[in-house]
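According to mature numbering (1 follows the signal peptide of the UniProt record, and there is no 0), the sequence shown holds residues -21 to -1, 1 to 173 in order.
No lab work stands behind these hints, which were simulated from the structure alone. Here a beta-carbon is modelled for each residue, glycine too, at the ideal position from N, C-alpha and C. Nothing false has been slipped in among the hints.
Pair ranges (Cβ atoms, derived):
1. H146 to V58: 33 to 39 angstroms
2. A115 to P67: 19 to 25 angstroms
3. G19 to G65: 20 to 26 angstroms
4. E117 to L164: 38 to 44 angstroms
5. E117 to P94: 38 to 44 angstroms
6. V88 to L15: 27 to 33 angstroms
7. A92 to L133: 19 to 25 angstroms
8. G136 to A75: 20 to 26 angstroms
9. D119 to A55: 16 to 22 angstroms
10. D119 to G93: 33 to 39 angstroms
11. R89 to L121: 34 to 40 angstroms
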Amino acid sequence: MRARIVAASAATLLLPGVALAHPGAGEAAGLAAGFLHPLGGADHVATMVAVGLWAGLLGGALRLRLPAAFLAGMAAGAVAGGAGIGVPAAEAGILATVILAGGLVAAAVRPPAGPALAIAALFGALHGYAHGAAMAPEWDALGYGVGFLAATALLHGLGLGLVLVAHGRRSGLTLARAAGGAACLFVALGVGLG
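Generate coordinates for the entire structure from the input sequences, incorporating the hints supplied.
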């Protein structure tokens, strides 16, 4: 019963209100703004929780290495975004990460470690780019970066924790995978309706 409640709570977090919800360059700065940025975009929340779910499903060393690869990619992407380096179709790429991350979880895809880490780093780079592009250049870039990396790590931890709670319970793991599928479905519906 507890696994169902936890999975249902996670699925609620994966419901995107509006995909592609980044306001543009120079609209956020500082530790608090950095922490709130991932939490304010359903596309970020869905992907970051899904990466944690996927890490938990993969197990072993990837439980920590997959989120770490995402965070490293995110930091690199934020530097690029903050420097004003253009990334064509970045928002479409972010939307794709939500759908792909959800699909990887729903299908319980188990690639070798190298490709899994590369996928996580690429996802992180796209999300980090959005965070860096939204940062006001005259403000505290380090505080902003620490804020969004901390919030992201917490979201990864939520996904990972859901799988750990469900571990050993077939119905709990099925619900964790269903949460990944729900991210794909609701983002696809949100884009189709939006």
